[in-house]
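Novice: Protein sequences appear in the order of chains Z and E. Counting in our numbering, the first sequence tops out at residue 415, every number present. Counting in our numbering, the second sequence tops out at residue 138, every number present.
Worth flagging that the hints you see were computed from the coordinates, not collected in a lab. This structure is a prediction, so every number in the text was calculated from the model and none was measured. Take the hints with a grain of salt, since some may be wrong.
[As the list claims (entries may be wrong)] Once the Cα atoms are required to be at most 27 Å apart in a straight line, the calculated DSSO-like pairs of lysine-lysine come out as:
id, chain 1, residue 1, chain 2, residue 2
1, E, Lys-80, Z, Lys-316
2, Z, Lys-343, Z, Lys-357
3, Z, Lys-322, Z, Lys-366
4, E, Lys-94, E, Lys-80
5, Z, Lys-366, E, Lys-94
6, Z, Lys-368, Z, Lys-316
[Unchecked claim] Here are some of the chain E residues that sit facing chain Z, going by a computed Cβ distance under 7 Å:
id, residue
7, Gly-66
8, Leu-67
9, Arg-86
10, Asp-90
11, Phe-128
12, Gly-131
All C-beta atoms in this analysis are idealised placements derived from N, C-alpha and C, irrespective of residue type, glycine included.
As a plain string of letters, each chain reads:
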Amino acid sequence: GAVVSQHPSWVICKSGTSVKIECRSLDFQATTMFWYRQFPKQSLMLMATSNEGSKATYEQGVEKDKFLINHASLTLSTLTVTSAHPEDSSFYICRGRNGYEQYFGPGTRLTVT
Amino acid sequence: SQQGEEDPQALSIQEGENATMNCSYKTSINNLQWYRQNSGRGLVHLILIRSNEREKHSGRLRVTLDTSKKSSSLLITASRAADTASYFCATDAGWGTSGSRLTFGEGTQLTVNP
Chain Z
303 GAVVSQHPSW
313 VICKSGTSVK
323 IECRSLDFQA
333 TTMFWYRQFP
343 KQSLMLMATS
353 NEGSKATYEQ
363 GVEKDKFLIN
373 HASLTLSTLT
383 VTSAHPEDSS
393 FYICRGRNGY
403 EQYFGPGTRL
413 TVT
Chain E
25 SQQGEEDPQA
35 LSIQEGENAT
45 MNCSYKTSIN
55 NLQWYRQNSG
65 RGLVHLILIR
75 SNEREKHSGR
85 LRVTLDTSKK
95 SSSLLITASR
105 AADTASYFCA
115 TDAGWGTSGS
125 RLTFGEGTQL
135 TVNP
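With the sequences and hints as input, model every part of the structure.
Specialist: Here it is as structure tokens:
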């Protein structure tokens, strides 16, 4: 069946640097991609929604200039955390959707030191 | 923002017992989904129940949906230690302005003691 993968699965970076997280769909064309963030022992919070070829729509309180989302193709979406700070340390999960099909990625653990 | 609330926040039971988790939501939905998440891992989709369904079964799982009360419950029967995980409900408002986004509840941490 279709699989959505994320790379890297975990990353440690220094404060002030930028980190790019990739979300790829295999055997599945994700017309819509959702990005979630999950802090420890908390639930998933939707950060943004993007349709292939369009600009992402960000949830209230999510800085679009800090969390850059690109969904240039039906099989690849990227989330770039710019000028990362320790408070950005979290688990980032993508979810691809095409009609009634949807698949979550396995998540990326970001730790900012 | 999260619209789902789950209770209990934490549940500890013995192996073999049943576990019931509840979820309440605030707006109209197209369907409601339950997920499991092992510590530090990704989500595992358990079951989806549509707004016109009242009950659904899958193996040891039983889900109910009461749209008049905007609530759902997940029952795990004959629990096993391997069921230890966090369980989340997620509501899908369907297409339209919401864009079929999923909104997650706060989750229930289930611990099944062997």
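Novice: Taking the hints in turn, state whether each one holds.
Specialist: Results of checking the hints against the structure:
| no. | hint | result |
| --- | --- | --- |
| 1 | E:Lys-80 - Z:Lys-316 | 47 Å, violated |
| 2 | Z:Lys-343 - Z:Lys-357 | 31 Å, violated |
| 3 | Z:Lys-322 - Z:Lys-366 | 14 Å, holds |
| 4 | E:Lys-94 - E:Lys-80 | 16 Å, holds |
| 5 | Z:Lys-366 - E:Lys-94 | 33 Å, violated |
| 6 | Z:Lys-368 - Z:Lys-316 | 16 Å, holds |
| 7 | Gly-66 | 4 Å, holds |
| 8 | Leu-67 | 5 Å, holds |
| 9 | Arg-86 | 23 Å, violated |
| 10 | Asp-90 | 22 Å, violated |
| 11 | Phe-128 | 4 Å, holds |
| 12 | Gly-131 | 5 Å, holds |
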